[in-house]
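Residue numbers (this note's numbering), protein chains in the order written: chain A, 1 to 292; chain B, 1 to 619.
It cannot be assumed that every hint is accurate.
Claimed, not checked - BS3-like cross-link-like pairs, simulated, lysine-lysine; straight-line CA separation at most 27 Å:
| id | chain 1 | residue 1 | chain 2 | residue 2 |
| --- | --- | --- | --- | --- |
| 1 | B | LYS520 | B | LYS349 |
| 2 | B | LYS443 | A | LYS243 |
| 3 | A | LYS211 | A | LYS89 |
| 4 | B | LYS443 | B | LYS483 |
| 5 | A | LYS86 | B | LYS520 |
| 6 | B | LYS520 | B | LYS62 |
| 7 | B | LYS125 | A | LYS86 |
| 8 | B | LYS520 | B | LYS483 |
| 9 | A | LYS89 | B | LYS443 |
| 10 | B | LYS231 | B | LYS174 |
| 11 | B | LYS219 | B | LYS262 |
I should point out that these hints are in silico values taken from the structure, not numbers from a laboratory.
As the structure is a computational prediction, the values presented were derived from the model and not from experiment.
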Amino acid sequence: MPPLATRLARLPLAVACLMGLVGAAGATRAAESKEQFRVCADPNNLPFSNEKRQGFENKLAQLIADQLHETVTYSWWAQRRGNVRKTLKAHLCDVIMGVPTQLDMLGTTRPYYRSTYVFVSRLDRHIDIRSISDPRLQRLLIGVQLIGDDGFNTPPAHALGQQGIVNNVVGFPIYGDYRRPSPAARIIAAVQDGQIDVAAAWGPLAGYFAKHAPVPLRVEPITDTARFAPLRFQFDISVGVRKDDRGLRSTLDVIIAQHQPEIDALLRSYGVPLESTGLGGIQPASTSATER
Amino acid sequence: MTLRNSNAMSGIVLGVLAVLVVPPPVALSADDLNAMSHDDKSWVMAPKDYANTRYSGLDQIKVENVGKLQLVWSFSVGADRGQEAAPLIVNNTMFVVGPYFGVHPNQVFALDATTGALKWSYAPKPNWAAAGVACCDVVTRGLAYDNGKVFLATLDDYLVAINTEDGQELWHTKLGDINTGETVTMAPLVVKGKVLIGNSGGELGVRGWVTAVDEDSGKISWRAYATGPDKDVLIGQDFKPFYQDQQGKDLGVTSWPPDKWKIGGGTMWGWIQYDPDANLIYYGTGNPAPWNSNQRPGDNLWTTAEFARNPDTGRAKWAYQYTPHDEFDYDEINESVLLTLPIDGKDRKILIHVGRNGYMYVIDRMSGEVLSATPYDTINATRGIDLKTGRPIKNEEKTPSIGRNVTDVCPNADGAKDWQPSAWSPRTHLLYVPHQHLCMNWKTAEVGYIAGTPYVGATVDMFAGPGGYRGEFMAWDPVQKEKVWEIHENFPVWSGALVTGGDVAFYGTMDRFFKAVNAKNGNLLWQMRTPSGIIAQPVSYQGSDGRQYIAILSGVGGWPGVVANAEVDPRVRNAALGFSGAMQDLPAYTTGGSTLMVFALPLPEKPATPPAARPGGTP
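Start from the sequences, fold in the hints, and give me the full structure.
Put into structure tokens, the structure is as follows:
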């Protein structure tokens, strides 16, 4: 890793000038990482990342490293409770490629995409539900993703519970069975197989596996969620760095801003349902059914 | 005192005492394990005896002389992570196990208990799972012993039998799969030739169980689940729970929404007790998981429940659920201590369970009736236990839920006490309880993420309870139902307790003290700064030299480190200091460690000068 000044020199001058607040953190990182763009990632979590570097976070890491003229190196770590503490904060790496922008425990870059929780169903079932309050949810068999960390779960799991929709809800632990590829994908497979009528899942995961499903699937963003605040169903996603690593964060902000159209295209190619981050550079994607 | 010195003495004294300490040569039956547990020369199971007293009758070290206690030898288990294990001592051999970390995870060592000489070590060959799959903890709470075998439960779900003579593996049995989030952290307990062990990982969607494995063949003899139909929970005709709402068919299914019991938690990673007269084992189960509470209306049986079971068959005799529909993460895997106590003028066979939820339960261990449930720490999450129904009386104002900020909830989500076991002295008739003293604010709208899936969680803002301290070591009188004395500690007291015939109670602190206090009044008699914070279990035994030893592992880490990050000043919240500010606290006192320490009184000066005392002596 060259000194920050050198790295900034590679960026357009105008952008570099905007970054007057950059401190000495870059120099610290330089000593630590030596021309490497050090990423902590889950080795088995498509569409985000895997050991074969097939996920969109792998591709984005490569894109950024190319800009920095650095080599991507990985510390593979399953993303369980404590993984930030044991990886990024333990200095095994300098970035985690995808975290919510509002994640308190990390420094986060400007968001590079915004996605939404979605309903996924088989196209041939004609379940065009978008509203979390749709009365049909009272009787359909619904799959939700479970986190289970001290009772915190995905927003749809909580919102359904608040409406007393309990008996027809099936849980799919996000951790799944790690012996299998992409353990979190089982919820989408259950929709394909007809084990459940509809899945309420995080958009990037759902969009990707729906795109590659052997049967046509419908992916609809979940709407009508305001009354369930503070639960949220849309999240901005950033690259996460250590809080004190302001230099790196600023560098990444610039690269993201410059390459937003490429990033958008990358995400679309993975079937990620995109919404506007409000930062410009992207038009909301059509979120209608994935027709195949 | 030096190691050489101690070696030399042990050689001399060994000759004199050899006759007394030679073990019976033949294989021992289960009854003999019970008898061995009452021989204070040894410490043959983590809780000392089946009643879980952690009491040693040895009295060389006593109130009058404990101030002279010295380190006589030490040993590194080679892995700087949380050390929670109890060393076992059988016929002057000490067996100790390290955490699942480093080059040789869960490595077992056999040492001469008097000299510290290493006899052998055993390193399991773990199926290296992808790093991080095992969620949070890499600790182990210890080994078990019976019939010339040491039993090791590895974090990655293997039970291994090791020959105590040479450290050779005799058999291993796979109990679960770490890739599904299932792990094992507890110390096994051997009862009547069966090795009893339970699983952990409820938060990852694991269904809890306790399993009995034949100690000779390694074959699984029975497995009792904590949720599901009666046939899985091993509930039959002879099951007689005391309380009405726990009587009925298949409650492990019907007290849940459809199928939610299948990934319902109720794991078991704490302590099992055994009453040989009644032929019953006792243990408590963990919290319901991984569902948020509004997705699992119902009592969620048999999570957070005490079970009495026949150890031969696993069949349940009774059960009692401490916290129906738990919303606070109150695992009840804590130990129970089996005693006979005068209750209302009559001797009753009881168990004392120091509850996560802050109540000291006295339960008739024959029937499962709660005789009393007395708060032993600050509680406002509930308003008491209704003894007619056995159920806690909820305080709705303090119930956390998404979308609601709740402040000053006591105890916090980890409860007033965790796994760290108590000790009971038959001399003082007091229970010595190490525990935490923490409350919490529950603030919604913290954004979290796991495996690429963002969600809205809560900031659980932990802080010291009233009085500004975070931990306590206390003596409790279960007959009078009151605290007799208490010692406040800056950090949660996460180590186990030991009490001896010399009326000395021992415990360790996370800020690196090993302490001896007067069991009668709590006066501090001795303390020593240790290499790292202490979260392990102190034990006592007699060496082949006839001396009384005290042993403890030093090494802080894992979850306790996280808990310790609660702030000292109850008025200062995370909002003011920030989480990273709170993180500075424990590291200011300790780093990780892996040191086994063995203490004794100095040798009397009268005998001839020991060799090591010669000036300029070389090894």
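Subject >> Numbers of unmet hints, in rising order >> reply: As far as the earlier hints go, 3, 4 and 5 are violated by this structure, in ascending order.
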